[in-house]
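Could you build all of it, start to finish, from the sequences and the hints given here?
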Amino acid sequence: MTSRLAYSRMLDALEAQVGLVRYALAGDGLGTGADVTAPVASCPGWSVHDLVVHLGAVNWWGAATVREATPDTRTGGRGAVMESAPPVTEGAAALADWYSGLTAEMMTTFTDTAPDALVWTFSGPGRADFWPRRQLHETLVHRWDVENALHGGAATTPVPEDVAVDTIDEFCTVMRPHMAAHVAPLAVTIRLRGVPHAPEGPAAVGLAAGAEPVGAGALGALEWELPGADGAGPDSTGAVEVAGPPETLALLLWGRVGADAEGLEITGDRNGLDAALEAGLST
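The opening position of the sequence shown corresponds to residue 793 in this note's numbering, with each subsequent residue numbered one higher.
If a hint is listed, it holds; no wrong ones were tucked in.
Distance windows between CB atoms, simulated:
1. Gly-871 x His-974: 16 to 26 Å
2. Asp-820 x Pro-917: 39 to 49 Å
3. Asp-1052 x Thr-862: 41 to 51 Å
4. Ala-818 x Ala-946: 15 to 25 Å
5. Thr-824 x Gly-916: 42 to 52 Å
6. Thr-824 x Glu-1015: 44 to 54 Å
7. Glu-1017 x Asp-1066: 10 to 20 Å
8. Asp-908 x Gly-945: 37 to 47 Å
If you're looking for bench data, these hints aren't it; they were derived computationally from the structure.
Note that beta-carbon positions come from the ideal geometry of N, C-alpha and C, so glycine has one too.
Below, the structure written as structure tokens:
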């Protein structure tokens, strides 16, 4: 599926998210880096160090897949990259330097590659711009994880609305179908409706930067659906709508906030929604 973001906007947004990860690792800026042993509640069993090592390796993998340009073959080598990370005893500065090197190479690869170049993707041969989009949303979610682990949810950096809209879209049209074999079927259809903050005039904040609203172009027409499976359970014919700010919807889909998050309005089968969220919408 094609991103709703212009390619240049996608790269700018990815670079910004990468920078926020590095900034979080810098700690107080006075020579004391972040506590990389801090637990990450949203990734049970992981520390900040574990998470950044994972993210660095995944960022490398996306770029390596584009560089190799072998449409029929999945790129290997991610394990070796993870093993190249500095140990936790070397602290945040060493981890930040390692991550910065990998992401600088990633950004160069994506900038120098034509968006329509043929590469391997999760659904087989496809366009190279699949990967900067995937890395944008992977980095965004895990940047939130790092900030939340170090400073709490109130200190996480807001997501631009055009980027958040595309996070929702990528989840619903790419990642959820890709994960379908590994996640429980939904016993209830979940309908999502983004409600951006709208200034006076026709444009929504952030959306003018490249996102294209669904439907007739009205702000209220930012809609997606995750269909329930027939026969999946007693509520399989039910439906629930979740409306709210795009960032909150994106974090809900990735399991970073719950249905009680501020700004969400839920109508329909709330029990079905709670069951789906408890089972997990993603792997």
